[in-house]
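Trainee: Spelled out, the chains give:
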Amino acid sequence: MKPIACSEATQQFFAYLDRVLSGESLEALEAHLENCLSCCDQLEFTRKLDAFVKERVRHTSMPLGMEERLKSALRRAATDKK
Amino acid sequence: MKRGGRRGRKRDNSGKTCALSMEQQRNFEELALPHLRSLYGVAIRLSADPQDAEDLVQDTYIKALQAFPFLREPEKVRPWLWQILSRAAMDRFRREPREIYVGDLQDLDGFSLYHKVRDEDPFPYSDRLHQDFLAQFRDEEVNRALLALPEEYRLPLVLFYVEELSYRELAEVLECPMGTIMSRLFRGRKMIERELWEYAKEKGLIKRWKP
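Residue numbers (the numbering used here), protein chains in the order written: chain A, 1 to 82; chain B, 1 to 211.
Hints are supplied without guarantee of correctness; some may be wrong.
Claimed, not checked - Mimicking DSBU-like on lysine-lysine, the simulated pairs with C-alpha atoms at most 35 Å apart in a straight line are:
| hint | chain 1 | residue 1 | chain 2 | residue 2 |
| --- | --- | --- | --- | --- |
| 1 | B | K203 | A | K2 |
| 2 | A | K54 | B | K63 |
| 3 | B | K76 | A | K71 |
Claimed, not checked - Among chain A residues calculated to face chain B with C-beta under 10 Å, some are:
| hint | residue |
| --- | --- |
| 4 | E44 |
| 5 | D50 |
| 6 | A73 |
Claimed, not checked - Reference listing, derived: stretches of chain B covered by chain A, where coverage requires no fewer than 3 residues with Cβ under 8 Å from a Cβ of chain A:
| hint | region |
| --- | --- |
| 7 | 59-69 |
| 8 | 157-168 |
These aren't lab readings, by the way, just hints derived from the structure by calculation.
All C-beta atoms in this analysis are idealised placements derived from N, C-alpha and C, irrespective of residue type, glycine included.
Build the full structure now, drawing on both the sequences and the hints.
Mentor: As structure tokens, this is what we get:
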């Protein structure tokens with residue numbers, strides 16, 4: 001297995017965190033992380049940043065009466081087609 | 001042979017002439033309406049304005065209702081709705097294109113918010129520098145950063161963050177190869193990092209750029 005540099009390791013952080021890295025790429029990254037404190041720190045920051053963004057974009061409330069307006073539109077659409 | 005054929009009133013997924021029985025319509029509502037909140041949650045991250053988001057969701061549901069007779073696997077209603085919403089969103093974006101600066105992709109790939117924060121050290125007395133940096137951003141600023149992304153990056157990223165779709169699911173919903181999804185999610189997140197850094201400069205967090 002060929003060792004990888006920090007620049008190559010960091011390019012794979014998202015794929016690693018998303019669990020889509022496999023085979024030799026995964027092994028090479030894990031071997032690099034074992035010996036590179038800076039990359040470990042950066043990976044941890046990437047994980048936190050991802051969680052931070054996810055947390056902030058997930059919560060929304062629907063506009064009042066939206067479901068009723070949608071149901072009316074669906075019934076109109078169904079009637080129009082008949 | 002073309003899907004749907006010429007006889008009868010049913011056509012393809014864009015079907016303009018599909019008539020549904022009352023029972024089919026009831027089935028559709030039972031199956032599709034429980035996903036309304038999720039669809040709206042994604043639509044509001046795509047369009048920012050609540051009225052535009054509601055219109056996008058309504059458009060999605062009407063298209064889905066028209067295509068409902070062709071849904072062969074009702075248990076797949078959720079990805080099916082995502083696909084219809086994604087197509088409707090992309091149609092809208094194409095009708096109203098925005099000029100978005102993406103810059104050099106190689107520079108973008110090499111951008112690291114981690115290093116920027118470490119090198120500029122906006123909180124010299126902090127022992128949790130990166131966490132303190134992130135804590136400066138309000139929800140609306142993070143959403144603004146997301147809205148600044150070109151649509152082809154924003155759409156997969158929103159589905160990924162809000163609905164936690166896997167790469168495979170994203171590839172199916174957005175009808176593109178896994179490799180494309182992988183690169184869009186990578187660059188989309190790099191763009192978010194870059195946007196947050198720009199906001200940090202605007203907010204005066206970084207002294208060197210303080211206006």
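Trainee: For which of the previously enumerated hints does the structure constitute a violation, in increasing order of number?
Mentor: When the structure is compared with the hints, only number 1 turns out to be violated.
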